[in-house]
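> Sequence:
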Amino acid sequence: MSKLHENELDVNFNLARDLINEQFPQFSMLPITPVNTVGTVNHVYRLGQELYIRLPRVKEWADIEKEWNWISYLAPRLSLKIPEPIALGKPTASYPVNWGIYKWIEGNNYSEELIHDETEAAKDLADFVNELHSLDVPTDAPKAGRLPLLELNQKTLESIYDAGDLLEKDRVLAAWEDACKASVWNGKPVWIHADLLRPNLLVHSGRLAAIIDFGGVGIGDPAFDLIPAWTIFNSQGRKVFRNSIHADKDTWLRARGYALHQAVLIIPYYRVTNPRFVTLAKRTVDEILADMDTENNKIK
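Residues in the sequence shown are numbered consecutively from 1, following full-length UniProt numbering.
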């Protein structure tokens, strides 16, 4: 498989097969098939018909063990399907991080073409986010590890300039400055998924069916889980999502800032290696700018 990151681990079919044979020989007779996904954090292989393998691309991003420890706590408390862990793989000399085997969930990465009704999807995702944010937080719950918005300022500005003519620089800078006016989150501890992007939302039979990849799960700013308002939905879906979410004005504004930060980092970073992901990020920026235009027109 092609690499997306300079420090990416060597992962291929033979490695996946060797890991299964060495650590879980009970699955060694099952066929292994690469899964095509727009995701950039893990390699995914289907294992037979009922299972799949997840292999982190980068050692520093390998959060499978944290996910493994908490997903059984979260699953029975959430209405949408989430990954069901089957076996936790151990690091080896050829692959130095944990990896996992999970029960297969039917569905495809979120796209407008697969969803029957975007407003329905927006309501379903908002319900999931509200459920997650309302869960009790054990004293030993992990931190999500996401930085506050203002600490992302330098990297965001660098990426805006690195993107060159792929962005409307002045409008994007104005959007970022606006987001940075939001107050810092200082509320009670809240569970967040922290990575509700299209690759981590599965659609089946026209509806949102599952949320996957809980590697970033932990305690953090609830604004991180509101970024689908711009990364996934259009104006109609965004309106339903916002009306269904328990979020104040500053949380919404921070969320728009986090969505913008993420998008402008993606555009120069993946310009060559993942143009499909860049197209989605540019769409996010367009939605953010359109959203701001709508707000400004209401003020006039």
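It cannot be assumed that every hint is accurate.
[What the hints assert, rightly or not] When the alpha-carbon atoms are kept at most 30 Å apart in a straight line, the in silico DSBU-like pairs for lysine-lysine are as follows:
1. 155 to 81
2. 103 to 169
3. 188 to 143
4. 188 to 66
5. 59 to 155
6. 123 to 90
7. 103 to 155
8. 181 to 155
9. 66 to 143
10. 155 to 90
11. 90 to 103
12. 90 to 143
13. 188 to 249
14. 81 to 143
15. 239 to 298
16. 143 to 169
17. 59 to 3
18. 188 to 169
19. 143 to 59
20. 169 to 90
21. 59 to 123
22. 81 to 181
23. 188 to 90
24. 59 to 169
25. 155 to 169
26. 123 to 3
27. 3 to 282
[To be verified] Computed beta-carbon distance windows for the label pairs:
28. 170 to 130: 25 to 31 Å
29. 88 to 154: 21 to 27 Å
30. 283 to 116: 18 to 24 Å
31. 33 to 272: 42 to 48 Å
32. 138 to 169: 42 to 48 Å
33. 157 to 104: 22 to 28 Å
Just so you know, these hints were derived from the structure itself, not from any lab.
Glycine included, every Cβ here is placed at the ideal spot set by N, Cα and C.
> Decide, hint by hint, whether the structure agrees.
Outcome of the hint check:
no.: 1; hint: 155 to 81; in the structure: violated, 34 Å
no.: 2; hint: 103 to 169; in the structure: violated, 44 Å
no.: 3; hint: 188 to 143; in the structure: holds, 13 Å
no.: 4; hint: 188 to 66; in the structure: holds, 22 Å
no.: 5; hint: 59 to 155; in the structure: holds, 22 Å
no.: 6; hint: 123 to 90; in the structure: violated, 39 Å
no.: 7; hint: 103 to 155; in the structure: violated, 37 Å
no.: 8; hint: 181 to 155; in the structure: holds, 17 Å
no.: 9; hint: 66 to 143; in the structure: holds, 10 Å
no.: 10; hint: 155 to 90; in the structure: violated, 34 Å
no.: 11; hint: 90 to 103; in the structure: holds, 18 Å
no.: 12; hint: 90 to 143; in the structure: holds, 23 Å
no.: 13; hint: 188 to 249; in the structure: holds, 17 Å
no.: 14; hint: 81 to 143; in the structure: holds, 23 Å
no.: 15; hint: 239 to 298; in the structure: holds, 15 Å
no.: 16; hint: 143 to 169; in the structure: violated, 33 Å
no.: 17; hint: 59 to 3; in the structure: holds, 14 Å
no.: 18; hint: 188 to 169; in the structure: violated, 36 Å
no.: 19; hint: 143 to 59; in the structure: holds, 19 Å
no.: 20; hint: 169 to 90; in the structure: violated, 45 Å
no.: 21; hint: 59 to 123; in the structure: violated, 35 Å
no.: 22; hint: 81 to 181; in the structure: violated, 36 Å
no.: 23; hint: 188 to 90; in the structure: violated, 35 Å
no.: 24; hint: 59 to 169; in the structure: violated, 33 Å
no.: 25; hint: 155 to 169; in the structure: holds, 15 Å
no.: 26; hint: 123 to 3; in the structure: violated, 36 Å
no.: 27; hint: 3 to 282; in the structure: holds, 22 Å
no.: 28; hint: 170 to 130: 25 to 31 Å; in the structure: violated, 36 Å
no.: 29; hint: 88 to 154: 21 to 27 Å; in the structure: violated, 37 Å
no.: 30; hint: 283 to 116: 18 to 24 Å; in the structure: holds, 20 Å
no.: 31; hint: 33 to 272: 42 to 48 Å; in the structure: violated, 27 Å
no.: 32; hint: 138 to 169: 42 to 48 Å; in the structure: holds, 45 Å
no.: 33; hint: 157 to 104: 22 to 28 Å; in the structure: violated, 42 Å
The structure fails hints 1, 2, 6, 7, 10, 16, 18, 20, 21, 22, 23, 24, 26, 28, 29, 31, 33 (numbered hints given earlier, in ascending order).
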